[in-house]
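*Asks:* Single-letter residue listing:
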Amino acid sequence: MDAVSVRDLHVRRGKTEVFTALDLDIPRGQITGLLGPSGCGKTTLMRAIVGVQKIADGTVTVLGEPGGSRALRRRVAYDTQAASVYGDLTIQQNLRYFARLVGARHSDVDRVIEQVGLADQRDQTIDSLSGGQESRVSLAVAMLGAPELLVLDEPTVGLDPLLRAELWEVFRGLADAGATLIVSSHVMDEALRCDRLVLMRAGRIIADTTPDVLLADTGTTDPDAAFLALIERDARQQARGRDQADGSQASADAAEPHPLTRREAREQAEHPHSPAPERPPVAPSSDGESAP
Amino acid sequence: MNGMLTLATAGRVLRQLSHDPRSIVLMLVAPSLLVGLFAWLFSDQEGVFDQFGGPILALFPFIVMFLITSITTLRERRSGTLERLMTTPIAKADFILGYGLAFGLMATLQAVITVTFAVWVCGLEVEGPLWQLGLVAVVDAILGTALGLLASAFARTEFQAVQFMPLIVFPQIILGGLFMPREDMPEALYQISKVLPLSYAIDTINAVTAGDEGWDVFGPLLVVVAFAVGALILASLTLRRRTA
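Listed in order, the protein sequences are those of chains A and B.
Per this note's numbering, the very first residue in the first sequence carries number 1; after that it's consecutive.
Per this note's numbering, the very first residue in the second sequence carries number 1001; after that it's consecutive.
Bound-form chain B, shown alone (with noise of 0.2 Å):
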């Protein structure tokens, strides 16, 4: 592994989006769009964007850059570019962080703009301080970024890639405790929702939004982080230099 090719990596992903300033757009701002709607449709119900704002705001980043993330590796594999980097001196694991890196950044300044419409035009209430739902979208953009990398080492199709999110996001969404609290749920589907990475984010959602401090926290994080990382040293390991 080499950092300059990291970086390298990471800017020249950064500078193929430039050159796409509609996808720009659409990255950073759909996702406030979509909790604005949300808000709306609540508007009249006291409470229940309060409720619902926060594990959305863990939601739409996570959707975003798993899609954006495997659709551009996918990209890349399929025009021939994987193959030549492939006979060059980058490690895999450079070009993984390096596609890591960009669309971390991107999921950033997604999470930022998001949360600031959240919290400032839809009247969000958080008990927690802002940062740290701040801090969650970046994780959960980050932990999207990384299944997606692994997502499209098992897609052949940008088409196939596509179905991937239903199989891959939905039941994380649906089983993650926002429709209804993971305690609740049948056993085996309770003992499900543990093994997956998205439950976690929006405990630690449910947990800044109600003032919760330290390990309430930050010890979900840390496994919403613990999973990132094992999905890009997947994403590295599935890499193969040499295909048939």
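Chain A extracted, bound-state conformation (with noise of 0.2 Å):
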């Protein structure tokens, strides 16, 4: 079962439709990377998934329960883009609060603390931290506790490269202990680090792919490129869906099978037998058409 699964989603903000008939599949234990420019929808889509967001249509199911129910504020854990963090207290006052209210054991804080390396300001209220120190608080918040869905928008915005790298080895950690992550991000050299990319652009998913099909479908070798590359593709589409009829290439991508990650694929060679795979070997570009 996936770990997150959106069927039909309809988000209005204003006036504006933000998605009219979103589907996608997020399977579990991976690092999802969600991608795309700013205002494209990746924190409506993160909201959605974390049951904050008002949705017109469709369903959101999160490890097997109804999006924002009950019985996942335990297991789903969400760090908004802004740093969400009580200013005024310090980064051990913060944590303990949280890890209360999820019911992660009084060891767990400073667990998170050394992971985002901040044990020497554990006593330093937040405002006196730098926006890059306040960002991993509020990003150890999300890892208190053990739960199976994190989302994290943007939680290494703003942070220098070798902070970044430290952070992705945490975020590799906790997926192989089985965690599933979403993580999205506009920084493009992170997306070589997930397992499976989502690239959005004004409301819809214009790849659902791996790093390696994504560059290698695109013919180029830095996610920069591709990711233009994709745009561009998807706006000449658009373009040609106008001229027809009302496009339905929209989003086809869910009901497409995943490609298979680098690890998958690796798996299956190793055990051709094991327990059916749910997906087909060859990894089709989930694009469908290529470009003209």
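Careful, some of the hints might be misleading.
[Stated by the list, open to error] Chain B regions said to be covered by chain A (calculated; three or more residues, Cβ under 8 Å): (1) 1008-1015; (2) 1070-1081; (3) 1087-1093.
[Unchecked claim] When the alpha-carbon atoms are kept at most 30 Å apart in a straight line, the in silico DSSO-like pairs for lysine-lysine are as follows: (4) LYS1092/B / LYS54/A; (5) LYS15/A / LYS54/A; (6) LYS15/A / LYS1092/B.
Read the hints as simulated data drawn from the structure, not as lab findings.
Here the structure is a predicted model, which is why all the values come from computation and not from measurement.
Each residue gets a CB set at the ideal place from its N, CA and C atoms; glycine is no exception.
Assembly of the complex is requested from the two constituent chains, each provided in isolation within its own frame, with the hints serving as guidance.
*Replies:* Structure representation (structure tokens):
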């Protein structure tokens, strides 16, 4: 079963339709990168998954339960884009409060402070920290307890490359321990660290792929170029779709099987007769048709 | 609802306050200074402070707590922490009661200090027992907290929240019976004053200063409590897990 399954999601904010019939599946135990230009709906999708977004229609199923239901509030952790911690409390006081809310052990506070590398600042108030440190505290809150799904909205924004690398090690460790991570970013080089990539543009999913397939598919070596190529391709398709009937290619991606991640492909190669893989061994580009 | 989470939230709010000593001093001392100013103003006119001093004691905690609560909870809505809380197991009632408890405690300290100052330093004369005066001040402060929580739901910015004060607080002061006995008001205004909680707070204070007992004191006080509970319930109903 997938960690997250979104079906026919409609979201309206004010008069604008953010999503019209969005479908998406996010598998368990992996890091899924959510990428796209700002304003494309990444945050709205994350809010819908954690259950704080008002939705007009459609379903969001998270870990087998309706998104945002009471049973999920211990199993799902959310880190908002702006650091959502109390500025007038110390790092430790913030984490102790949230630990009590999610029922995490006291010792967990020390663990997450170590993991985000703020042990020396634990008694400083958030207001006295730099922006990068503040967002690391906010990230630490999401790592309290043992959430099965972590939804992290741009957790590494504004951090130096060394810290980013360290945090991605932490994310990898969480995924290896069985957690599912959804991480949004607009730093494209982070895309290569994900198992799976979901690229969004203007409220639609334009690709649900893996880093390798993305690069191969677009014939580029760097993620920035690959992403731009996809955006351009999508823009052309949109223009063509408008010329013809109202395009139905808008989001056929969720219906398509996921391409395999490197690890899945390797495991399948090693154990070709192991329990039936849900997905075909060849990795089709979820993008269906290629550019003209 | 979970009592532990209510207490954790109240503790967190107080801990936040403890990092802001200037606010604590203002909260605890400002009402006393204003009561002192009032007493000084009427120092040459026999009996005037005794008439107005009591109701003033009911007003300050109400106004101060209304402002503090509406602004702090609004800050929580805007900083994203409320959204994060809504994804955790905390119930809406835990959140509202946590705030109510923390500020209620501060209100109690404030009431004790202000009543003590009014009676011992300013020489306010009260026929009834002093603890009743303190009790009314505490209940008024809780009413202010409750209305402040409710008002913050309708404000999108701190600027709007502050504007709610004249809108919600001033009419209650004007119609509450402080400037004119409510019975002497034009009929329409008298009817309006009957649905404003502060009118009952001032009735209670007047009953205590006049030395009334029993139902004359606790009847109107219960009405104030009912208003506060109603505002708290409404406040937790206006709190939404899902927002647009």
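*Asks:* Could you grab the alpha-carbon distance between LYS15/A and LYS54/A and see if it respects the 30 Å cut-off?
*Replies:* 14 Å, holds
*Asks:* Taking 8 Å as the C-beta cutoff, is the stated coverage of the region 1070-1081 of chain B by chain A satisfied by three or more residues?
*Replies:* holds (count 3)
*Asks:* Tell me whether the statement that chain A covers the region 1087-1093 of chain B is true, taking a Cβ distance below 8 Å and needing three residues at minimum.
*Replies:* Check passed, 4 qualifying residues.
*Asks:* Starting from LYS15/A, check that the Cα of LYS1092/B is at most 30 Å away, please.
*Replies:* It holds: about 29 Å lies between the C-alpha atoms, which stays within 30 Å.
*Asks:* Taking 8 Å as the Cβ threshold, is the statement that the region 1008-1015 of chain B is covered by chain A upheld or broken by the three-residue rule?
*Replies:* That given contact holds, which follows from 5 residues of the region 1008-1015 of chain B lying within Cβ reach (below 8 Å) of chain A.
*Asks:* Taken at face value, is the distance from the CA of LYS54/A to the CA of LYS1092/B at most 30 Å?
*Replies:* 17 Å, holds
The structure fails none of the hints (numbered hints given earlier).
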